[in-house]
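*Asks:* Residue strings, one per chain:
Number of protein chains: 2
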Amino acid sequence: MTRIVTVGAAQLGPISRSESRQQVVRRLLELMHQAKAAGCDLIVYPELALTTFFPRWYMEDQAEIDLFFEREMPGAATRPLFDEAAKLGIGFCLGYAELIEESGRTNRFNATILVDKQARAVGKYRKVHLPGHAEHEPWRAFQHLEKRYFEIGNLGFPAYRVFDGIFGMLICNDRRWPEAYRVLGLQGAEMILLGYNTPVHNPPSPEHDNLANFHNHLVMQSGAYQNGSWVVGVAKCGKEEGVEQIAGSAIIAPSGEIAAAAVTQGDELIVARCDLDLTRSYKTTIFNFAQHRVPEAYRPIVERKGAVPPP
Amino acid sequence: MTRIVTVGAAQLGPISRSESRQQVVRRLLELMHQAKAAGCDLIVYPELALTTFFPRWYMEDQAEIDLFFEREMPGAATRPLFDEAAKLGIGFCLGYAELIEESGRTNRFNATILVDKQARAVGKYRKVHLPGHAEHEPWRAFQHLEKRYFEIGNLGFPAYRVFDGIFGMLICNDRRWPEAYRVLGLQGAEMILLGYNTPVHNPPSPEHDNLANFHNHLVMQSGAYQNGSWVVGVAKCGKEEGVEQIAGSAIIAPSGEIAAAAVTQGDELIVARCDLDLTRSYKTTIFNFAQHRVPEAYRPIVERKGAVPPP
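Sequence lines, in order, name chains C and B. Residue 1 is where the first sequence starts when you use the working numbering, and the numbers rise one by one after that. Residue 1 is where the second sequence starts when you use the working numbering, and the numbers rise one by one after that.
This is chain C alone, in the form it adopts within the complex:
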């Protein structure tokens, strides 16, 4: 059997701070048209796809920070994306900064939504693994203040039935954490959509900057294989406001093999015809969880946050 979902991974080049939402949405629409022409059922945009990657700056004025957030989805600037998607009959996945009033207070998340071919929002995910730091660290060449500007996502790792399959979402740093893929795998996820913004240079560990691209693929390939799932990794890349970000967008098969890969540092659509039934050869054999997992041996994973060395 085959269950083909044709997916476009819409890599984005840099977005400057001065670029308006409207300008960015025009770039997203151009990629959406390319995806439709390529027969895509679904187009996947990166993390925080509507603005520059603002956590690189320390800002104190909350009003200034909030300019990077969306208070509505769709809002005035993003409405054309939904309208065009409905017209074309294409789904999409979009990362953005979400500002929302919930439980009587203002919450800010690094979020992504999944939109079906009728332009209905059918899924949402809020980033769990916020990298970086919460306080200004002037010694860094640039900041990575996700722990300051966002709260930890409060939706867990939900999976959704859509596009004739089971879909999950992760965001950027989540991809380095096998726990994140596994919680999706335990819901039978067949395709994981994953946008990222990853600077080449990590100020606390510059000694492995040269491995940034290798690590990017390594974790997505193993996450795919170990859960028998497709993984669609989509970068915002190139030199953005003076900071070099890795590209390397890739559509990865349940085998862990790279089925499609970006070859530029800019706006670029890559496409793969993804057979969701290819997941079965893993999920029903070597990664048949019900047959082979031993949860009682895994308890430290939830009972312990940090490492505790033996005495």
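Hints in this document: simulated from the structure, not taken from any laboratory. Warning: the hint list may mix true and false statements.
Below 27 Å or equal to it, Euclidean Cα-Cα: the simulated DSSO-like pairs (lysine-lysine) are [claimed, not checked]:
#1 B:Lys305 <-> C:Lys283
#2 B:Lys124 <-> B:Lys305
#3 C:Lys147 <-> B:Lys283
#4 B:Lys124 <-> B:Lys147
#5 B:Lys36 <-> B:Lys87
#6 B:Lys87 <-> B:Lys117
#7 C:Lys87 <-> C:Lys36
#8 B:Lys124 <-> B:Lys36
#9 B:Lys36 <-> B:Lys147
#10 C:Lys305 <-> B:Lys283
#11 C:Lys305 <-> B:Lys124
#12 C:Lys283 <-> B:Lys147
#13 B:Lys305 <-> C:Lys305
#14 B:Lys147 <-> B:Lys239
#15 C:Lys124 <-> C:Lys305
#16 C:Lys239 <-> C:Lys147
#17 C:Lys124 <-> B:Lys305
#18 B:Lys87 <-> B:Lys124
Fit chain B to the given chain C structure using the hints.
*Replies:* Just chain B now, with coordinates in the frame of chain C:
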């Protein structure tokens, strides 16, 4: 700082069913001498290193099965290994089938022991992730009856302080399960010793036999990187009793990079000078668990064994 542990991964070629323990131990001793000459602190042998990989056969006579098990470690045949190790001042890690009377009954495990430079057994691990099946399946070209001949290990994933570092052990199929590495990572493991016997052909999923070597490295490299640990993967390989097994023994750095790799399908020692302090650049930054993990989001990992798709 550096904390160098020089490790030898002692890949073994095939062991025939007719080969005696004494004959095998002679091969192990030859590799141990090579390791000593190369300045090794520690030599790592594969899974079930003393016999042929017997779970490939269906046997009904328990006495026949038990011939492949060790009732003592060291026993008469393995004593020379301990004696020589003590004389040379080299540690070792050895996989074997363990038969032991515990809690008033006979238990059988796929086990490995860690022996220090004074030939003291300082650590033990019993394989948790038993692959294969429990009943005779004559349609297979060969059997993989680990679920029949062994019990699930009852020691968890213990880590030990030895060789000036923190060491853990895994066995074969464990390496495909990120939970196993993570439980070791949560104990600060700096080096994970891992022997395997992996047929190229997996009867239930022959469609990805061609990827066996790729998957072998992929899971060990990601397990190393995602826990900031060295991983020493050691094969029993080549055509054993008519079954082709993968080679690909490798010593993998905490970066996920392959620092040393076997290039034959037979008995072969590979060596790396492993700096345990290279783990720090990962364990204290991007994989600083205490800073970045979110255990409350991981609960399905222990609360669920098999996958439960969304409604």
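*Asks:* All the hints need checking, so say for each whether the structure fits it.
*Replies:* Structure-based check of each hint:
no. : hint                  : result
1   : B:Lys305 <-> C:Lys283 : holds, 13 Å
2   : B:Lys124 <-> B:Lys305 : holds, 26 Å
3   : C:Lys147 <-> B:Lys283 : holds, 18 Å
4   : B:Lys124 <-> B:Lys147 : holds, 20 Å
5   : B:Lys36 <-> B:Lys87   : holds, 11 Å
6   : B:Lys87 <-> B:Lys117  : holds, 9 Å
7   : C:Lys87 <-> C:Lys36   : holds, 11 Å
8   : B:Lys124 <-> B:Lys36  : holds, 23 Å
9   : B:Lys36 <-> B:Lys147  : violated, 37 Å
10  : C:Lys305 <-> B:Lys283 : holds, 13 Å
11  : C:Lys305 <-> B:Lys124 : holds, 25 Å
12  : C:Lys283 <-> B:Lys147 : holds, 18 Å
13  : B:Lys305 <-> C:Lys305 : holds, 21 Å
14  : B:Lys147 <-> B:Lys239 : holds, 23 Å
15  : C:Lys124 <-> C:Lys305 : holds, 26 Å
16  : C:Lys239 <-> C:Lys147 : holds, 23 Å
17  : C:Lys124 <-> B:Lys305 : holds, 25 Å
18  : B:Lys87 <-> B:Lys124  : holds, 22 Å
When held up to the earlier numbered hints, the structure conflicts with hint 9 and nothing else.
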